[in-house]
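**Student:** Residue-level listing of the chains:
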Amino acid sequence: MTPLAKLLEAALFASARPVPTEELRGLDPESSPAAIQAALEELREHYDVDGHGVELIEIGGGWQILTRAEYTEAIERAQLASRPHRLSAAALESLAIIAYRQPIGRLEVEEIRGVNVGSVLKSLHERGLIDVVGRAEGLGRPLLYGTTPLFLEHFGLRHLEELPRADELAVALRVQSPAVVAEQAPMDEPVAAVAASSGNG
Amino acid sequence: MSDAVAPYTPPADGPPPSFIVELSAFSGPLDLLLALIREEQVDIYDIPIARIAQQFVARIRTLGLNEAAEYLEMAARLLRIKAQLLLPRNEEEQWDDPRAELVRRLLEYQQMREIVDVLEKRGEERRNQFSRAWLPSQPVPPQAPLALSLSELLASVDRILRVTRQPGVHDVVARALDVPGAITIIRAVLELRERLRLTDLLNNGSEPWQVLSTVLGLLEMAKLGELRVNQPKPFADVEISRDTASEAA
Numbered sequence: 360m361t362p363l364a365k366l367l368e369a370a371l372f373a374s375a376r377p378v379p380t381e382e383l384r385g386l387d388p389e390s391s392p393a394a395i396q397a398a399l400e401e402l403r404e405h406y407d408v409d410g411h412g413v414e415l416i417e418i419g420g421g422w423q424i425l426t427r428a429e430y431t432e433a434i435e436r437a438q439l440a441s442r443p444h445r446l447s448a449a450a451l452e453s454l455a456i457i458a459y460r461q462p463i464g465r466l467e468v469e470e471i472r473g474v475n476v477g478s479v480l481k482s483l484h485e486r487g488l489i490d491v492v493g494r495a496e497g498l499g500r501p502l503l504y505g506t507t508p509l510f511l512e513h514f515g516l517r518h519l520e521e522l523p524r525a526d527e528l529a530v531a532l533r534v535q536s537p538a539v540v541a542e543q544a545p546m547d548e549p550v551a552a553v554a555a556s557s558g559n560g
Numbered sequence: 002m003s004d005a006v007a008p009y010t011p012p013a014d015g016p017p018p019s020f021i022v023e024l025s026a027f028s029g030p031l032d033l034l035l036a037l038i039r040e041e042q043v044d045i046y047d048i049p050i051a052r053i054a055q056q057f058v059a060r061i062r063t064l065g066l067n068e069a070a071e072y073l074e075m076a077a078r079l080l081r082i083k084a085q086l087l088l089p090r091n092e093e094e095q096w097d098d099p100r101a102e103l104v105r106r107l108l109e110y111q112q113m114r115e116i117v118d119v120l121e122k123r124g125e126e127r128r129n130q131f132s133r134a135w136l137p138s139q140p141v142p143p144q145a146p147l148a149l150s151l152s153e154l155l156a157s158v159d160r161i162l163r164v165t166r167q168p169g170v171h172d173v174v175a176r177a178l179d180v181p182g183a184i185t186i187i188r189a190v191l192e193l194r195e196r197l198r199l200t201d202l203l204n205n206g207s208e209p210w211q212v213l214s215t216v217l218g219l220l221e222m223a224k225l226g227e228l229r230v231n232q233p234k235p236f237a238d239v240e241i242s243r244d245t246a247s248e249a250a
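Protein sequences appear in the order of chains A and B. Residues in the first sequence are numbered consecutively from 360, following this note's numbering. Residues in the second sequence are numbered consecutively from 2, following this note's numbering.
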């Protein structure tokens with residue numbers, strides 16, 4: 360490995376959070392952005408080709424060294440580390456709305472979900488997944504929420520644009536007559552997916 | 002409308018309900034409504050409101066009222082739409098489907114559920130990888146321990162003392178008070194008069210140090226028991242009298 364790649368490896372190892380590229384540049388002001396990028400690629404390849412137990416991931420607006428998924432169970436069984444709790448269906452729904460509509464107020468989230476979301480937003484805020492990003496102009500100047508870098512990290516996203524665009528989402532339930540729907544015994548794609556998730560939630 | 006709020010009983014001739022629903026399995030009234038629409042295999046753009054409303058009310062009956070408030074609101078909405086559909090329409094006028102708003106909300110909700118599926122999948126993938134020890138409550142790295150010897154510290158202090166300019170000091174010399182002198186004067190006056198006022202001892206031309214000396218002298222003599230000091234009310238003139246009791250003693 361080149362000295363720069365080793366330096367980046369040490370820095371990423373020392374940091375508990377993903378490190379943005381600009382911050383990595385501060386390690387060696389003489390290296391160009393292109394050189395940093397090349398060194399990151401070199402480090403990633405080094406982990407992939409030589410077969411390491413960790414890998415380099417671009418996540419949450421930065422870079423992070425993560426263990427490979429195949430060792431998770433063994434690590435958890437030995438109680439060396441434990442996986443974070445899954446979010447509830449209510450929390451996921453509220454997060455999904457905030458991610459797409461931010462900045463957004465509590466009332467708008469409630470309107471889309473059809474339920475009260477006060478306590479859900481509070482716990483999401485406490486977990487650092489959302490933050491207050493401003494206040495609306497309207498009556499009472501309600502708080503507006505947006506997602507945080509921790510949100511990206513939690514869902515393994517590099518940036519918000521990695522989520523499917525609204526127009527890429529399948530258009531809801533299909534516009535078909537009941538008879539046609541009835542013919543297709545196992546409902547496929549979005550409908551089936553929702554059925555599965557609502558069963559879990 | 003009474004049929005809609007009647008307790009739900011599975012139709013005797015039809016098949017028994019295909020699945021029993023736990024309401025806690027739904028994240029809201031829209032979720033339940035979507036499930037019913039799928040279950041009944043009806044077109045979301047042409048919802049048979051009467052049938053769906055009946056099913057909906059039947060399902061929420063299993064819940065306590067408080068918990069079901071949001072579901073009850075949706076039930077009321079369904080019944081209102083049903084009532085609107087029953088009204089006769091004028092063929093010539095443009096007719097707004099009362100279900101349109103509900104359909105829009107259902108589609109919006111459905112779209113959001115698709116995003117939830119994406120998030121769930123991505124979140125599950127991320128959960129299967131560990132990062133270095135997670136320290137959420139410690140965003141700021143702890144400060145490095147101070148590496149400094151005593152001689153270095155003293156040298157720094159010395160350097161700073163030499164570099165900084167001597168601050169311009171203005172000495173304020175207190176005018177010495179003459180308490181014994183004031184006591185001598187007060188004693189002399191008390192020899193002549195048994196009682197007097199503070200204003201008798203001072204005049205408008207008295208310097209502050211004279212006033213202070215006199216007051217302190219009075220207090221000192223009062224402490225020694227040579228005189229009594231009395232002020233009937235705030236800001237009133239102070240009355241001074243020989244302390245006859247202590248003199249007698």
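Just so you know, not all the hints are guaranteed correct.
As the list claims (entries may be wrong) - Examples of chain B residues lying across from chain A (beta carbon under 8 Å, computed): (1) V119; (2) E121; (3) R123; (4) Q130; (5) F236; (6) E240; (7) S242; (8) R243.
To be verified - Derived coverage of chain B by chain A (criterion: at least 3 residues anywhere in the stretch with Cβ under 8 Å from a Cβ of chain A; other residues may be distant): (9) 107 to 115; (10) 177 to 184.
Honestly, the hints are just simulated from the structure, not real lab data. In this text, all values refer to a predicted model and were calculated from it rather than measured experimentally. Glycine included, C-beta positions come from ideal geometry on N, C-alpha and C.
**Student:** Checked against the structure, which of the hints given earlier come out wrong?
**Tutor:** 5, 6, 7, 8 and 10
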